[in-house]
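> With the hints as extra help, turn the sequences into a complete structure.
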Amino acid sequence: AAVKEGMQIHYVRSYIDRNYQNLCYEFECKVEEEMDNDHWTNNPDDPRMTHFTKEGIEFTMRRFAQEMKDANYPVQFGSLDGLNEKGKLLSQMVLVNDLQRTKIAKK
Numbered sequence: 014a015a016v017k018e019g020m021q022i023h024y025v026r027s028y029i030d031r032n033y034q035n036l037c038y039e040f041e042c043k044v045e046e047e048m049d050n051d052h053w054t055n056n057p058d059d060p061r062m063t064h065f066t067k068e069g070i071e072f073t074m075r076r077f078a079q080e081m082k083d084a085n086y087p088v089q090f091g092s093l094d095g096l097n098e099k100g101k102l103l104s105q106m107v108l109v110n111d112l113q114r115t116k117i118a119k120k
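Residues 14 to 120 (our numbering) are what the sequence shown spells out, left to right.
Some hints here could point you the wrong way.
Straight line, CA to CA, 27 angstroms or less: simulated DSS-like cross-link-like pairs of lysine-lysine [unchecked claim]:
#1 K67 x K99
#2 K67 x K101
#3 K17 x K101
#4 K17 x K82
Label-pair restraints from in silico Cβ distances [to be verified]:
#5 D51 x K82: 40 to 50 angstroms
#6 D94 x T63: 35 to 45 angstroms
#7 V109 x M20: 23 to 33 angstroms
#8 V16 x G95: 15 to 25 angstroms
#9 V88 x Y38: 36 to 46 angstroms
#10 K120 x E18: 11 to 21 angstroms
#11 Q89 x E68: 17 to 27 angstroms
#12 S27 x D59: 12 to 22 angstroms
#13 K120 x P57: 32 to 42 angstroms
#14 E98 x K43: 39 to 49 angstroms
What the hints contain is simulated information worked out from the structure, not anything from laboratory work.
We put the CB at the ideal spot given by N, CA and C, even for glycine.
Right, dumping it as structure tokens:
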């Protein structure tokens with residue numbers, strides 16, 4: 014069930030589906046050739062980028078939370094069905110980290 018759900022999430026599917034990954038790569042190359050850096054996929058402040066990033070992080074965190082629960086780990090973040098407050102906080106921290114990292118100037 015988790016893989017089926019993951020196939021509906023851009024970042025997860027691009028990781029596990031080689032054909033989808035290749036199509037995404039072709040699209041990204043086309044964007045680089047035909048458009049400037051103002052395309053929304055290059056803007057971490059664009060709500061669509063935030064949505065894509067958040068969707069992948071929350072899916073990953075729910076899977077992680079379920080594995081912690083199954084292993085009887087002493088700290089719980091929720092389950093595959095949903096995150097608890099700690100899980101939501103950690104998920105938000107990862108999201109902020111991911112979005113801010115793209116703003117660091119390249120050397």
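> Can the restraint linking K17 and K82 be considered satisfied, given a maximum Cα separation of 27 angstroms?
Answer holds: K17 to K82 is near 21 angstroms, not above 27 angstroms.
> Assuming the hint says 40 to 50 angstroms, is it satisfied by the Cβ distance from D51 to K82 or not?
Hint holds: Cβ distance 43 angstroms, inside 40 to 50 angstroms.
> Does the Cβ-Cβ separation between K120 and E18 fall within 11 to 21 angstroms?
For E18 against K120, whose Cβ atoms are near 38 angstroms apart, the range 11 to 21 angstroms is violated.
> At the C-beta level, are K120 and P57 separated by a distance inside 32 to 42 angstroms?
Because 19 angstroms falls outside the window, the suggested range is violated.
> Regarding V16 and G95, is the given constraint of 15 to 25 angstroms on their beta-carbon distance met?
holds, 19 angstroms
> Need the status of pair K17, K101: alpha-carbon distance at most 27 angstroms?
holds, 23 angstroms
> Starting from the range 36 to 46 angstroms, see whether the pair V88 and Y38 falls in it by beta-carbon distance.
Given a distance of about 38 angstroms, which is inside 36 to 46 angstroms, the answer is holds.
> Given the hint of 12 to 22 angstroms, is the C-beta distance from S27 to D59 inside that range or not?
holds, 18 angstroms
> So the hint says 39 to 49 angstroms: do the beta-carbon atoms of E98 and K43 match that?
holds, 42 angstroms
> Given the proposed pairing of K67 with K99, does the C-alpha separation stay at or below 27 angstroms?
Roughly 16 angstroms between the alpha carbons, so the hint for K67 and K99 holds.
> For the range 23 to 33 angstroms, tell me whether the beta carbons of V109 and M20 fit it or not.
holds, 27 angstroms
> So if I understand the rule, the pair passes when the alpha-carbon distance is 27 angstroms or less; does K67 with K101 pass?
holds, 11 angstroms
The structure fails to meet hints 6, 10, 13 from the earlier list, while all remaining hints are met.
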